[in-house]
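Participant: Could you put together the complete structure from these sequences and hints?
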Amino acid sequence: MDRITAFIDGSEYAASVCDHAVWAAAQLSMPVSLVHVIGRRNDVSSPPADLSGNLRLGARTSLLEKLSKLDEERAALGRERGRAILDDGAARIAAAGDIDVITKLRNGDLIEAISELEAETRFTILGKRGEAAGFAADMLGSNLDRAVRISKRPVLVANRAFKTPERFVLAYDGSPATERAVERLTAGSVLAGMSCDMLSVGAATPQTRDKLTHAAAALRRAGFEVTEHLETGEPEAVIAKAVVDLKADMLVLGKAGHSRLRQLFIGSTTMELMRTCRVPFCIFP
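If you read the sequence shown in the working numbering, its first letter stands for residue 1, the second for the next number, and so on.
Simulated from the structure, these hints should not be mistaken for lab results.
It cannot be assumed that every hint is accurate.
As the list claims (entries may be wrong) - Mimicking DSBU-like on lysine-lysine, the simulated pairs with C-alpha atoms at most 35 Å apart in a straight line are:
{"no.": "1", "residue 1": "Lys211", "residue 2": "Lys163"}
{"no.": "2", "residue 1": "Lys247", "residue 2": "Lys211"}
{"no.": "3", "residue 1": "Lys152", "residue 2": "Lys104"}
{"no.": "4", "residue 1": "Lys66", "residue 2": "Lys163"}
{"no.": "5", "residue 1": "Lys247", "residue 2": "Lys152"}
{"no.": "6", "residue 1": "Lys69", "residue 2": "Lys163"}
{"no.": "7", "residue 1": "Lys152", "residue 2": "Lys163"}
{"no.": "8", "residue 1": "Lys163", "residue 2": "Lys104"}
{"no.": "9", "residue 1": "Lys104", "residue 2": "Lys66"}
{"no.": "10", "residue 1": "Lys69", "residue 2": "Lys104"}
{"no.": "11", "residue 1": "Lys66", "residue 2": "Lys152"}
{"no.": "12", "residue 1": "Lys241", "residue 2": "Lys211"}
{"no.": "13", "residue 1": "Lys241", "residue 2": "Lys152"}
Said to hold, decoys possible - Now the in silico label distances, taken between C-beta atoms and shown as ranges:
{"no.": "14", "residue 1": "Val244", "residue 2": "Glu112", "range": "35 to 45 Å"}
{"no.": "15", "residue 1": "Val226", "residue 2": "Asp88", "range": "16 to 26 Å"}
{"no.": "16", "residue 1": "Leu105", "residue 2": "Glu231", "range": "16 to 26 Å"}
{"no.": "17", "residue 1": "Glu231", "residue 2": "Ser115", "range": "16 to 26 Å"}
{"no.": "18", "residue 1": "Leu67", "residue 2": "Gly10", "range": "33 to 43 Å"}
{"no.": "19", "residue 1": "Glu72", "residue 2": "Ala96", "range": "56 to 66 Å"}
{"no.": "20", "residue 1": "Thr213", "residue 2": "Ala26", "range": "45 to 55 Å"}
{"no.": "21", "residue 1": "Gln207", "residue 2": "Glu166", "range": "25 to 35 Å"}
{"no.": "22", "residue 1": "Glu231", "residue 2": "Asp88", "range": "37 to 47 Å"}
{"no.": "23", "residue 1": "Thr227", "residue 2": "Gln207", "range": "18 to 28 Å"}
{"no.": "24", "residue 1": "Ala192", "residue 2": "His214", "range": "12 to 22 Å"}
{"no.": "25", "residue 1": "Leu70", "residue 2": "Leu246", "range": "48 to 58 Å"}
No experiment lies behind these values; they were computed from the predicted model shown.
Every residue, glycine too, gets a C-beta built ideally from N, C-alpha and C.
Facilitator: The structure is reproduced here in structure tokens:
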């Protein structure tokens with residue numbers, strides 16, 4: 001069964017991820033999997049190197065026993081904490097309406113979890129910043145770029161506070177990635193019913209105008225209310241300004257968009273926009 005898979009941790013973004021999951025579940029009429037991943041810890045039970053050659057066997061054995069016990073206690077606390085995070089998140093989702101939600105507590109790595117759960121996932125939701133990033137304005141979650149890059153499903157990157165989205169900016173550059181984003185939108189997506197500002201940044205050539213017009217027409221046929229914008233300038237600055245000026249509630253991107261930076265992971269333009277724009281992102285593979 002296709003599900004919305006939402007990943008939460010103990011950060012300030014967990015509530016927003018849950019609220020976005022509620023919204024997406026209503027839009028797609030799908031159940032929610034709420035997932036918390038207990039990251040790998042340093043193996044504190046490994047024996048220390050006997051650099052002096054004078055560490056007595058008894059002392060080493062005693063130390064190993066203490067470290068092993070400490071490791072077990074940490075693991076138990078990690079599971080208890082993870083379960084509490086999931087219980088709180090599930091209660092928040094359940095309080096919002098009649099939504100089928102299950103919880104999953106996993107050990108290991110977030111990237112592995114995204115890949116392993118992908119077969120049952122239609123739509124993935126992550127917080128823009130994780131526990132390690134805290135409130136640092138210019139620091140994204142350490143796994144975010146890798147998570148978006150490896151995902152074969154659309155990814156919604158939630159900001160700190162949820163607001164029901166009604167209008168989105170689609171950054172369109174005519175690349176295969178943004179054409180696929182248009183195809184996904186027209187095929188029925190979580191953004192159905194929203195207004196779209198379709199923004200192309202670059203020279204106003206006939207080819208550029210034709211591509212923009214054709215893509216906008218496809219979205220209109222699918223029921224979107226679309227306004228076309230063709231601007232010049234630096235993509236990061238133009239797109240960020242458009243999000244503010246147009247009062248957009250979300251920014252939509254193709255994963256490998258922005259032609260000049262297409263070779264860099266999901267694009268350094270994309271990561272810079274995530275740092276500066278205070279709205280959620282929806283990134284299509």
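Participant: Please go over all the hints and tell whether each is borne out by the structure.
Facilitator: So, going through the hints one by one against the coordinates:
1. Lys211 / Lys163: 32 Å, holds
2. Lys247 / Lys211: Measuring from Cα to Cα gives roughly 25 Å; hence the hint holds.
3. Lys152 / Lys104: 20 Å, holds
4. Lys66 / Lys163: Given pair Lys66, Lys163 is violated - Cα atoms ~49 Å apart, limit 35 Å.
5. Lys247 / Lys152: 29 Å, holds
6. Lys69 / Lys163: 45 Å, violated
7. Lys152 / Lys163: 26 Å, holds
8. Lys163 / Lys104: Holds: Lys163 and Lys104 sit about 26 Å apart, inside 35 Å.
9. Lys104 / Lys66: 31 Å, holds
10. Lys69 / Lys104: 26 Å, holds
11. Lys66 / Lys152: 44 Å, violated
12. Lys241 / Lys211: Holds, because 23 Å separates the two Cα atoms, which is no more than 35 Å.
13. Lys241 / Lys152: Status holds; Cα separation ~29 Å.
14. Val244 / Glu112: 35 to 45 Å: 37 Å, holds
15. Val226 / Asp88: 16 to 26 Å: Violated, since Val226 and Asp88 (Cβ atoms, about 39 Å apart) do not stay within the stated range.
16. Leu105 / Glu231: 16 to 26 Å: Taking Cβ atoms as reference, Leu105 and Glu231 lie about 46 Å apart, which means the hint is violated.
17. Glu231 / Ser115: 16 to 26 Å: Roughly 37 Å apart at Cβ, these two residues miss the hinted range, so it is violated.
18. Leu67 / Gly10: 33 to 43 Å: 25 Å Cβ-Cβ, so the 33 to 43 Å window is violated.
19. Glu72 / Ala96: 56 to 66 Å: For Glu72 and Ala96 the Cβ distance comes to about 37 Å; the hint is violated.
20. Thr213 / Ala26: 45 to 55 Å: The hinted range 45 to 55 Å is violated for Thr213 and Ala26, with Cβ atoms some 32 Å apart.
21. Gln207 / Glu166: 25 to 35 Å: With Cβ atoms ~32 Å apart, the hint holds.
22. Glu231 / Asp88: 37 to 47 Å: With Cβ atoms ~43 Å apart, the hint holds.
23. Thr227 / Gln207: 18 to 28 Å: Given a distance of about 21 Å, which is inside 18 to 28 Å, the answer is holds.
24. Ala192 / His214: 12 to 22 Å: 20 Å, holds
25. Leu70 / Leu246: 48 to 58 Å: Since Leu70 and Leu246 have Cβ atoms about 54 Å apart, the given range 48 to 58 Å holds.
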